[in-house]
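Participant: The lines below spell out each chain.
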Amino acid sequence: MSEAIRSYRPPRGGNYSGPGRPGGLIRWVALISLAVGTLWLIWTTRDNCPVERVIPGNQTYYFQARDLLYSRQELAHSALWETGLVPDAYAQIPTWMGNSFGYPDWVLNNLVSDVCYVSGTDFVAFSDLLVVTRMSRIGALLERYHRFMDGIEDEHAGGLALRRLENVDGYYAVRGRTLIFSPSRDAIVRALTLRETDAIETLETAGLDGVDDLEGRVAFSQDEPLGAYFEQADCRLDLAATAIAFSSHAILKPEWRAQFDALNLPKPRGEMSAPEHGGLVIAGDFGVPLARVWDTLDQLTGNALQEAVVQFGPLDQLTAAEQEIALSALQEMAGVLGDRFSIRLAGFDLDGMVPMPVLDVSLKPNLEGFNMLLPPPAPTDGTAAPEGVGPFVMGEDGVTRLPLGWGDIVEPSGFWAGNDFHTVLHPYHVAMLTTQTMEQATVSEAKHMFMRVRPPELVETLYEGAMIYASLGMIRGQDEASVEQYFAEIQQSAKRIPELSAMLGYEDGVLSLEIRLALESATPDQLAESMTTEP
Amino acid sequence: MNTPLIKRLLLCILAPVLLGNGSTVDALEAGAHAERLTFSVGTPLAGDPARQGRPATAEHDPLWIRCLRLDDGTTKIYLLTLDIHHIPQSLRERVVALAAGLANKENIFLTATHTGNGPGSMEESLPLRWSDGRYNPVLVEEIAEKIIVSMQGAEAVSQRATVGYGTARQQVLSANANETGGPVDEQIGVIRVDNADGQAIAVATNFAAMPHMVPAAQRYQFSADYPGAYYTAMEELTDPGCKAMFLLGAGGGQVTANPESQQSWAAIEAVGRLLAGRAKEVANKMTFRDARLKSYYREVQLPSTIADATMPSTTVLQALEIDGLLLVFLPAVPDVEIGLALRKQASALGYQNQFTVAAANAYIGNIVPRSGFASGTPEASRHPYGPDMADWLYANVDAMLRGVPVENPPTADSTNTESTSKSEEIALRGDAAERGRQRAVRFASSMRARYNTVVLEAVRKGDLRPVGGAWPYFPPMLDPTPLAMLPLAAEARPMLQRLDETVLAEVEAGAAAVAMPVDAFWLLQSVGASVYPGDDAPWFQSPMSTVVAIVGERAGADQTIIGLNLDWPWTDLSVLTTVEPSEGHVYLQTGFDWQMGAFVGMNDAGVTVAVLELDGQPDGGAIGLPIDFVLRDILQRTATYEAALEYLGNAVQHENGRVLLSGPGKSGWMTAVISLGDGIALRNVEEGLLFGVDIVHEGSDEATRERYQYLESALGSERIVGVEELKRTLTDGTVGDTERRRLWNSQTRQSVILLPQRGLMSVARLGESGMPGEYTNHTLKRGEVE
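So the protein lines, in turn, are chains U and Z.
The first sequence lines up with residues 1 to 535 when you count with this note's numbering.
The second sequence lines up with residues 1 to 786 when you count with this note's numbering.
Derived by calculation from the structure, the hints in this document are not laboratory data.
All of these numbers come straight from a predicted model, not from anything done at the bench.
One should not assume that every hint holds.
Said to hold, decoys possible - Computed cross-link-like contacts, SDA-like style, restricted to lysine to any residue with a CA-CA straight-line distance of at most 20 Å:
#  : chain 1 : residue 1 : chain 2 : residue 2
1  : U       : Lys253    : U       : Gln478
2  : U       : Lys364    : U       : Gly405
3  : Z       : Lys76     : Z       : Glu155
4  : Z       : Lys461    : Z       : Trp471
5  : U       : Lys364    : U       : Gly284
6  : Z       : Lys146    : Z       : Asn136
7  : Z       : Lys461    : U       : Ala334
8  : Z       : Lys461    : U       : Gly477
9  : Z       : Lys105    : Z       : Leu401
10 : Z       : Lys461    : U       : Ile93
11 : Z       : Lys666    : Z       : His697
12 : U       : Lys253    : U       : Asp508
13 : U       : Lys364    : U       : Gly287
14 : Z       : Lys461    : U       : Gly473
15 : Z       : Lys461    : U       : Ala470
What the hints assert, rightly or not - Calculated from the model, a selection of chain U residues having no Cβ within reach of chain Z, i.e. all distances over 12 Å:
#  : residue
16 : Leu34
17 : Cys49
18 : Glu155
19 : Leu203
20 : Glu204
21 : Asp234
22 : Arg257
23 : Leu300
24 : Val510
Claimed, not checked - Over 12 Å on every C-beta distance to chain U, these chain Z residues come out as not near it, computed from the model:
#  : residue
25 : Asn258
26 : Asp308
27 : Gly376
28 : Gln653
We put the CB at the ideal spot given by N, CA and C, even for glycine.
Go ahead and model the full structure; you've got the sequences and the hints to work with.
Facilitator: See the structure below:
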């Protein structure tokens with residue numbers, strides 16, 4: 001062993017960690033500090049306030065929105081905003097949704113979790129709207145440093161700490177990792193001071209199961225328009241850039257339920273046959289005679305339907321006694337019309353003596369009863385003058401025509417296509433309904449009524465019809481140029497919705513409504529334009 | 001050889017060359033072709049609105065396109081006749097386009113025989129679809145193509161030809177449809193074209209009688225009517241291959257007679273056969289020549305109508321000269337009087353013969369002469385223009401033939417200084433037209449404004465609409481005005497016939513002065529006081545005037561004093577007019593600026609009239625006689641109470657309302673309140689107060705009752721009622737009385753005191769404050785009108 005003296009130095013930059021040495025102490029302090037800091041972080045960002053705790057139990061509406069931030073850009077650019085269906089009051093929504101308020105997306109993603117809960121009592125102006133969401137730990141930590149963010153000011157209500165968002169004219173507060181936002185200061189204060197017994201019990205009891213993009217429940221008050229008919233309604237909305245689906249189940253008030261129950265409507269068959277073609281299609285399959293449905297609807301509308309019939313055309317020329325006879329005959333006829341119908345707008349007859357829509361009304365009547373009540377008239381020999389007021393069939397065409405005294409101007413006509421009896425306003429329209437346009441489609445998961453609109457086709461049909469009258473200055477308050485301009489605008493909007501369909505059904509006191517919109521994707525230019533307006 | 005004779009022979013031979021400036025004369029060529037028109041059963045028939053567009057169920061006899069091609073080497077024309085009701089504008093445009101290589105538009109003469117049983121479906125115009133059936137553009141194209149085939153066919157068989165023409169008269173084949181002994185165009189005009197061998201290529205016959213003979217029971221069958229029978233008969237009478245053609249004359253108001261007293265199709269066959277026989281007689285006697293052709297063509301701007309939105313703005317006039325024969329082609333069916341006048345016009349221009357060819361190139365409806373404008377005949381109802389349309393036609397045909405621009409009548413200077421005050425006094429003198437012009441020039445803007453804000457607005461809102469039909473069911477989003485104005489005008493026009501004969505001239509001059517169609521101007525005058533756009537109940541359920549007549553000793557020395565306050569819901573300008581007509585009595589009348597009729601008036605014989613109550617135009621009811629015009633006629637035409645009463649009774653039938661009449665009678669001065677309705681009912685007193693409304697025995701609204709109660713309480717106890725007292729009573733009221741409970745209320749526009757025996761009228765009109773101004777006195781004396 002060498003006797004030379006050795007001098008040892010710790011390596012440059014190295015850690016001294018050995019016990020009894022000064023470097024080791026520092027390391028320990030740092031470690032402990034880190035642990036304490038972590039514990040502090042965990043403690044201060046703990047989730048000690050469930051969202052249910054700040055949502056009042058007496059709100060009249062509750063909604064939840066899933067993946068709001070994830071899909072907000074997509075929604076902001078949805079063609080929905082170009083369709084003209086959204087009221088002007090909501091025109092700023094796409095701008096608002098596309099706005100990051102000056103924060104990076106990762107900050108917003110941490111501040112707003114995947115589900116937002118929206119509730120309130122004012123379902124008309126949304127003045128006390130309350131939005132509750134859960135922040136991530138990082139979000140909660142970031143929020144602690146809100147003082148370094150622009151547009152957020154501290155505000156106090158008694159002992160409650162609030163923050164005021166200057167940019168969106170609203171307030172928010174934080175409890176644990178729960179963030180509560182409202183445009184109403186009072187609503188936030190009420191949420192923060194809510195007694196446990198006044199809050200909702202669970203999210204599920206408020207109808208918020210967290211499944212759909214947007215779902216909720218509304219309890220209607222008597223003074224709201226829908227409150228006269230419904231007690232409450234559950235709604236679900238799935239939003240996407242190219243499709244929107246909305247469904248609602250509304251519980252009728254007892255007095256209305258009694259009237260609907262009188263119909264004894266069976267459950268929907270599940271499938272319904274409806275015309276494949278046409279800008280507008282309305283179909284019904286009730287499982288009970290249409291006459292009964294008509295009577296019920298007439299009662300529900302305070303006899304408005306019957307009055308409309310009496311005031312129509314030749315009937316209002318009759319005396320009251322004659323009208324009664326005519327209505328009785330109509331009721332008898334209605335009794336054999338079967339339990340399903342469809343109405344479609346198949347086009348516009350521009351060349352008619354009076355240009356008019358081509359409306360195809362189809363029924364599936366009780367064949368035996370129909371033929372007994374309305375035996376098909378014998379065909380004329382082709383040379384007899386088609387005068388008089390009785391139904392007649394000309395030649396071999398098999399079309400039964402009902403003269404109204406207005407000659408070839410308007411002459412409702414009926415014909416059979418398979419087991420379906422079709423009626424149109426004019427015999428010429430029979431020829432316009434080609435075999436192809438008579439095709440039927442099967443609507444799956446159908447309810448009692450179905451409606452389908454193809455806005456581009458519908459608008460084009462109405463445009464053609466309107467222009468022929470506009471060219472003569474016959475559209476009230478409009479000239480040819482203004483009608484042209486009006487349709488040019490709505491044609492643009494209509495192109496955004498290739499198809500809209502709706503289904504309506506009734507079962508056990510609940511009216512069910514489903515609406516589906518297919519949307520055309522917005523073009524890049526339209527996206528850019530929709531983003532030009534900043535708040 | 002005799003030298004002078006040789007010289008003469010040489011001169012004869014060379015003369016044509018020398019006189020013709022060395023030009024050569026081309027030989028006339030001609031060709032004719034007939035092309036069958038076939039239509040499927042189910043095609044609507046045109047021309048009879050009673051069919052309401054219903055389609056044909058069968059073909060009785062064939063329909064044709066017949067074409068005659070004439071070419072004199074300089075001018076080549078195609079004369080076509082089609083067995084259809086009229087030539088739609090779209091058809092002519094298509095033919096002209098397709099014929100681009102064959103002929104230019106100036107030389108295509110496209111005419112319709114006007115059969116009432118030809119195909120429809122060719123009119124795109126919405127109003128014309130009502131008699132033509134649904135529009136079928138495919139049919140237009142098909143017929144246009146067949147017309148071209150026909151033109152090509154005529155060209156293909158063209159050969160050297162000569163032309164002859166002539167006329168004959170008949171008294172048994174046609175008759176005036178509207179007036180026994182009325183004018184009839186008896187001429188049958190014939191053009192015959194022969195080939196070089198003297199064989200007939202074509203015989204065209206011009207005859208003025210409507211081909212509407214097909215019996216009602218067969219109205220849904222295709223038929224060429226009597227022209228079809230004429231073709232058959234003529235082609236049997238002439239050489240094989242000859243094409244018979246029919247050119248309808250000015251047949252408006254002229255129908256076929258039934259010389260053989262046949263029924264149904266036999267009657268049609270008889271007329272065709274007899275016409276062919278007479279035409280053949282003419283054709284056999286005529287001389288033939290290498291005729292020179294000259295065609296005339298002019299696109300003309302049509303006069304404005306009450307329904308310009310649905311009427312074409314331009315049309316085509318054409319004429320064809322074949323030596324001394326002039327054929328005038330009109331885009332309408334003119335009445336027989338117009339055909340006769342055009343013949344005289346042609347004669348004055350030096351033509352030997354003239355044929356009017358109706359329903360050619362386009363269709364703007366019927367044209368009736370001035371005398372038929374208000375006649376209410378079917379022809380008049382299809383005449384969309386003013387009473388001067390025939391004059392317009394003569395002027396344009398004359399200008400076309402002379403090759404000069406048409407001389408438009410000078411437009412009256414309607415720039416005037418509209419008064420800003422609430423009343424006006426004017427004086428009118430001269431004949432009816434001059435008086436109409438003077439008034440209209442003075443109040444042009446008021447007249448246009450009232451037409452727009454009251455008459456048109458009432459039509460837009462559905463408060464004024466034609467009688468019957470589907471008008472009550474007009475969809476609410478549609479404005480019926482463009483379609484409703486013509487039928488409304490047709491309803492209003494016949495009222496002119498129940499008024500003084502000079503009224504039309506006055507209305508016509510007034511319309512010209514304000515640049516309004518006569519129909520629009522007359523509609524304003526005839527319904528302007530009796531429509532109230534919107535809810536008319538509050539106004540027309542209450543009398544418009546509050547009237548009292550003080551009769552006998554209670555009027556003191558004046559014997560009769562009439563006091564009246566006239567209420568009116570609009571803020572129109574009150575006008576006092578002194579009228580000195582060139583014929584009849586001088587009179588004073590009061591009314592409003594837009595109005596020609598009189599609400600209150602008095603003439604120089606003392607006959608005094610006033611409207612007490614107007615009947616509002618009922619929704620969907622027929623347009624009634626304007627009472628204010630009847631009263632004006634009475635002022636101008638009558639000098640006694642009895643004459644005025646008789647005039648009123650004759651003129652007013654089934655019109656409701658109430659008037660006051662006063663004047664010198666056989667047994668002294670007479671004053672009466674007259675209720676109109678089915679007959680007239682009089683109420684008068686021999687002595688005392690005669691009120692416009694007898695509130696004890698007649699029903700009245702509360703406000704009217706209050707006004708008359710006040711009048712009675714103020715005047716009833718007076719032994720003698722003086723003028724000043726009456727003035728004080730009538731002007732008692734308040735500005736804010738909108739319910740018309742006071743004599744002078746918020747709607748009162750004039751207060752009038754009439755002393756008929758003294759020829760004195762005192763008028764106080766609405767002042768700036770809303771209360772009456774000072775009464776001003778006006779007296780009547782011929783020659784002193786200012």
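Participant: Hint by hint, say whether it matches the structure.
Facilitator: Verification of the hints:
no., hint, result
1, U:Lys253 - U:Gln478, "43 Å, violated"
2, U:Lys364 - U:Gly405, "28 Å, violated"
3, Z:Lys76 - Z:Glu155, "10 Å, holds"
4, Z:Lys461 - Z:Trp471, "12 Å, holds"
5, U:Lys364 - U:Gly284, "11 Å, holds"
6, Z:Lys146 - Z:Asn136, "16 Å, holds"
7, Z:Lys461 - U:Ala334, "35 Å, violated"
8, Z:Lys461 - U:Gly477, "12 Å, holds"
9, Z:Lys105 - Z:Leu401, "17 Å, holds"
10, Z:Lys461 - U:Ile93, "41 Å, violated"
11, Z:Lys666 - Z:His697, "29 Å, violated"
12, U:Lys253 - U:Asp508, "12 Å, holds"
13, U:Lys364 - U:Gly287, "12 Å, holds"
14, Z:Lys461 - U:Gly473, "15 Å, holds"
15, Z:Lys461 - U:Ala470, "17 Å, holds"
16, Leu34, "77 Å, holds"
17, Cys49, "58 Å, holds"
18, Glu155, "54 Å, holds"
19, Leu203, "49 Å, holds"
20, Glu204, "50 Å, holds"
21, Asp234, "38 Å, holds"
22, Arg257, "35 Å, holds"
23, Leu300, "25 Å, holds"
24, Val510, "37 Å, holds"
25, Asn258, "23 Å, holds"
26, Asp308, "10 Å, violated"
27, Gly376, "24 Å, holds"
28, Gln653, "26 Å, holds"
Hint compliance for this structure: hints 1, 2, 7, 10, 11 and 26 are broken, all remaining hints hold.
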